[in-house]
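Novice: Chains as they are written, first to last, in our numbering: chain A, 1 to 172; chain B, 1 to 172; chain C, 1 to 172; chain D, 1 to 172; chain E, 1 to 172; chain F, 1 to 172; chain G, 1 to 172; chain H, 1 to 172.
Since the hints were derived computationally from the structure, they do not count as laboratory data. Not one of these hints is a red herring.
In silico DSSO-like cross-links for lysine-lysine, where the CA-CA straight-line distance does not exceed 30 Å: (1) K55(E) <-> K155(C); (2) K23(G) <-> K158(B); (3) K45(H) <-> K45(F); (4) K45(B) <-> K158(D); (5) K55(B) <-> K23(B); (6) K45(D) <-> K172(F); (7) K55(B) <-> K145(A); (8) K155(A) <-> K45(C).
It should be emphasised that the depicted structure is a prediction, and the values quoted were computed from it without experimental measurement.
There are 8 protein chains.
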Amino acid sequence: MTARIGIIMGSDSDLPIMQEAAKILDQFEVSYELSIVSAHRTPEKMYDYATSARKRGIQVIIAGAGGAAHLPGMVAAMTELPVIGVPVQSKTMSGIDSLYSIVQMPPGVPVATVAINGARNAGILAAQIIGASDTKVADTVAAFKQSMKTEVLAKAEKVEDIGYVAYVAGMK
Amino acid sequence: MTARIGIIMGSDSDLPIMQEAAKILDQFEVSYELSIVSAHRTPEKMYDYATSARKRGIQVIIAGAGGAAHLPGMVAAMTELPVIGVPVQSKTMSGIDSLYSIVQMPPGVPVATVAINGARNAGILAAQIIGASDTKVADTVAAFKQSMKTEVLAKAEKVEDIGYVAYVAGMK
Amino acid sequence: MTARIGIIMGSDSDLPIMQEAAKILDQFEVSYELSIVSAHRTPEKMYDYATSARKRGIQVIIAGAGGAAHLPGMVAAMTELPVIGVPVQSKTMSGIDSLYSIVQMPPGVPVATVAINGARNAGILAAQIIGASDTKVADTVAAFKQSMKTEVLAKAEKVEDIGYVAYVAGMK
Amino acid sequence: MTARIGIIMGSDSDLPIMQEAAKILDQFEVSYELSIVSAHRTPEKMYDYATSARKRGIQVIIAGAGGAAHLPGMVAAMTELPVIGVPVQSKTMSGIDSLYSIVQMPPGVPVATVAINGARNAGILAAQIIGASDTKVADTVAAFKQSMKTEVLAKAEKVEDIGYVAYVAGMK
Amino acid sequence: MTARIGIIMGSDSDLPIMQEAAKILDQFEVSYELSIVSAHRTPEKMYDYATSARKRGIQVIIAGAGGAAHLPGMVAAMTELPVIGVPVQSKTMSGIDSLYSIVQMPPGVPVATVAINGARNAGILAAQIIGASDTKVADTVAAFKQSMKTEVLAKAEKVEDIGYVAYVAGMK
Amino acid sequence: MTARIGIIMGSDSDLPIMQEAAKILDQFEVSYELSIVSAHRTPEKMYDYATSARKRGIQVIIAGAGGAAHLPGMVAAMTELPVIGVPVQSKTMSGIDSLYSIVQMPPGVPVATVAINGARNAGILAAQIIGASDTKVADTVAAFKQSMKTEVLAKAEKVEDIGYVAYVAGMK
Amino acid sequence: MTARIGIIMGSDSDLPIMQEAAKILDQFEVSYELSIVSAHRTPEKMYDYATSARKRGIQVIIAGAGGAAHLPGMVAAMTELPVIGVPVQSKTMSGIDSLYSIVQMPPGVPVATVAINGARNAGILAAQIIGASDTKVADTVAAFKQSMKTEVLAKAEKVEDIGYVAYVAGMK
Amino acid sequence: MTARIGIIMGSDSDLPIMQEAAKILDQFEVSYELSIVSAHRTPEKMYDYATSARKRGIQVIIAGAGGAAHLPGMVAAMTELPVIGVPVQSKTMSGIDSLYSIVQMPPGVPVATVAINGARNAGILAAQIIGASDTKVADTVAAFKQSMKTEVLAKAEKVEDIGYVAYVAGMK
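For reference, chain A alone in the conformation it holds in the complex (with noise of 0.2 Å):
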């Protein structure tokens, strides 16, 4: 099957924190390719991953970095596809450095960016972005939203059945 989302990361010390991406695509069975781009390191590969996505079948790109994060708007310059940026946290500046490089794009080139750290809620996004004209995807989203509601009425539920005191309890 031909990916619709492409992941890439700047580096392989950001995968821990950019699979959380492919987990969710996994879980809504929404095809995505995976691979390290670092636009500083592999530009020419950068280049050539940003102005060949569409021709491949590439809907939406996802990328993550930290510190002075290009690698989002790099990409963002040379596609006409939606392009995702994740802010990865940094080691000394908590990702407020990532979160800069990356929101604060120039008129023109736009980038979709989530929260520091949330590559989940970008493969979400992602997920949305395509659901936007295929319905079948949209549901798959919908349902999730509704498990998640699920999920917290449960625990709100549980909550006021045992008290405070024994909820914090049993979380340890």
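Since the structure of chain A is provided, determine the placement of chains B, C, D, E, F, G and H on it from the hints.
Specialist: Chains B, C, D, E, F, G and H in isolation, oriented as in the chain A frame:
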């Protein structure tokens, strides 16, 4: 023509910024509707708007708000459509509060956040999302990117030609 | 006994922090109810909770949330009761995002914001609000403040007495 | 009529901001008194004000200050009444210093903090606190919220009607 | 011996940091007293402390506090003695809140602020202030500065001598 | 008369701010000298200034600088006199850079930091330091504090008297 | 004369700032070329520029950009020449976003970052880099530093001479 | 062999970070010297170091420091050599203070600033500066960049080959 994109904002004071999203969609010939929906002052209207949007044919929602900007995230909570958030620059915190309130969404409910005051980019991103499955819109975005490139190259040629002193003099 | 104070939070992961509000109200013998209400995952429950609270006899609502923390502000949007917001410390931004999302409310819809992770103070503030027209509760708060004073004075006396070296040694 | 709310501020330079609290209370017909009490220049007056307020019939104190804003927290230290803090925007730090100095109170001594320059919201919150046990005031707040809603809905209808271009033109 | 320097802090939890001020004054043989004075929990003791300090022979006050750190500024408000403020690192904001609450004092009431957790430097600064008119203490400070220089020069010589690899290995 | 206080700044562009230190010392009748000493452009002059100050009778140094503000810390490194640092507001970072560069000094070399643009307070603090051992100057400071109190009390009385509407009208 | 330094910027709106780099190089008589190269709008031109620069005789590249400022880092990724980055002040974040996007580069790809809007310093730094192996240019920089010193000393002498009141009066 | 690069730092506690500059220069076979020079504790040594460096054959200086980090800027003030500044991560402010103290230098005295804790990049940048006029060193940097690219491409191939699940499992 049914609107494909819904543009909403928390207050009419956001309109001078948010109109940029409408303007670029006008230019792209992508249909949209535009209104004021306040999370804090018209919560019922927000509920109705968010839960009915997909049924009414909307494919993407653009929501702009400032300060404790809850509109984009709350709308995202109540629809499976992709929601783009525009942090509007606030009076006392330069929009940092708006940005954090919009981008830092919890797992399960992403908002595709653009730059502070980035309404024009929100419009472009909405078109890219439509374009993920609509070749005509994708090609429009591609042509727009090409025109930006041409414009920058012309400016580059000019400054190389006449020198920075004359160029800066001509900017005034 | 009908609850006078409603304590809600966006996720059970907030409970280890938010239980401090319940604990101090237990100590003050002010009645409360506690549950989980997620702005983003159970928006209908939030709507029902906020719009019914006053009728059910609730006088003050305490709402805790982290990240893009919309619960306190959204509840405040839908009730005329005073709402106290507790910014819960987030993983990537130390709660700055939670604080700005809660405190920077627009004109017309205030949230009484306390410190990051300040759930204990939220409980005390709720009691003070009840105490604004309930002498017994106000006197309880006054007695609590007196006991804090006594405790600090005892510690001051001890460190003056035994010196800081012995005091610090005794802290371990 | 005895004042139910005390509005104080650290300097008369805070008055252009802080008067908004008085104005909304005038509109709500909730009695208040207003004066200048400086934590740093009139500490004795602050002590007298805080310790006598409850006895004089005050039910809520609103305190505004900027920079190293100690007035709200110090007053809260010396009364069992609920204290609302208004961080006034400072010249060099945009009020971030004021906000942190007011909201980050230690356990035991809460200050109900509103947005930077949020004096109007402080007045509304004070009314809500009074309203927690005074049905008439609570109903006034409810009516005020309703009027805000009506106003936003009218603006929404107008922009939907005449379009954003005409609406923005009409704003100038 | 009458104490020349008063060291106070808002809570005994500040003592592990604040004891560094006492230690360096012990080393400098400058007399001091040390106690706990909470602006928020023992405001009367703070008032008495600040207004009596000069009469009791105190020449400089060192005050440490964290979060909404009001102690240094409030003491400065009630004495003509120089007051040194130590921002103690807070749990949720790394001491930025403490720093802003202490340093951003309004015109007329300065606090001599040192670095976050800079209690040792507060002790040195107090000695320098005494030394401004006491040659013996000034000479002690000068000798201390000389000893720091000697220590750094020895380390520099060592790393130049054995190389950084051996030096780092020896640090473990 | 020999100067007791040295006021220096990194650039003549700091003079409109830094002159406030001189003005209050004029008012207090405490002698001072004032000059421009740039850490980065006249390092030798800075060295000479710092190392000779004590010998020349200077008791306190006030140093103001903006941006990467090294002057206060470098002077403090080369004298045993107390050094007061004034962070001058910078064009691009509102003085946050100046503040951090001045206050975050390493152990052993304190700078007594005042608020951003707090030159007036630097002058008052210098007088307080002189006053720690000079009763006449301490009494001058005490009288100054008293006059501030009187001024605030008069304003308080006026606003209580004529009401806030008339007071604000009179401010224009 | 072949250009030794390449000055590029992301947009002609950066030119009023970036021209300062050219002006100081004109003064130093170090040859340069200047153009507009946008990472996001002309990525192919950026690629060509960066990969050909060394071959064309360029020894240092100065790149200025604002917001999510990717130009300096992307150019640095594609050349072994030293790249100096100038964070241009942005409209909504005062250039903090520009600074973090430029300075926080990952291991392997440094950008020599100067202050926000520090284009003049970028020019001086480029000359210093040339001067590391070109005595004539190093001597020019040394002479320039000497002239700055002379200028500051003259101002210092003047203010010592005529006093701050006359000096400030003369600044207007 | 005469050292071409001088590596200095304010304290031996900076050595575990700063040694990365030495390691990469060892790898590049570019000669260097390394020592400890404290701006605040050994100002005379700093003066001697900075003013003699060029004469001794040093072509680039790398200076690392934390907190109120004055070493890079002060050295830059006293030499015409290019100075690279490394902001070392501080305990209480994550290195934001170090970064601002180093990068925000005034016009005339640039410091080439790298990322917080970016000592390895400082070494690479120093080599690039040498390489601006030394083909052999420039080629070494080019080869290093090529090896980084090869390494990333190998990791990319591996994750594409074995999938992210196996790859992440292998990282542990």
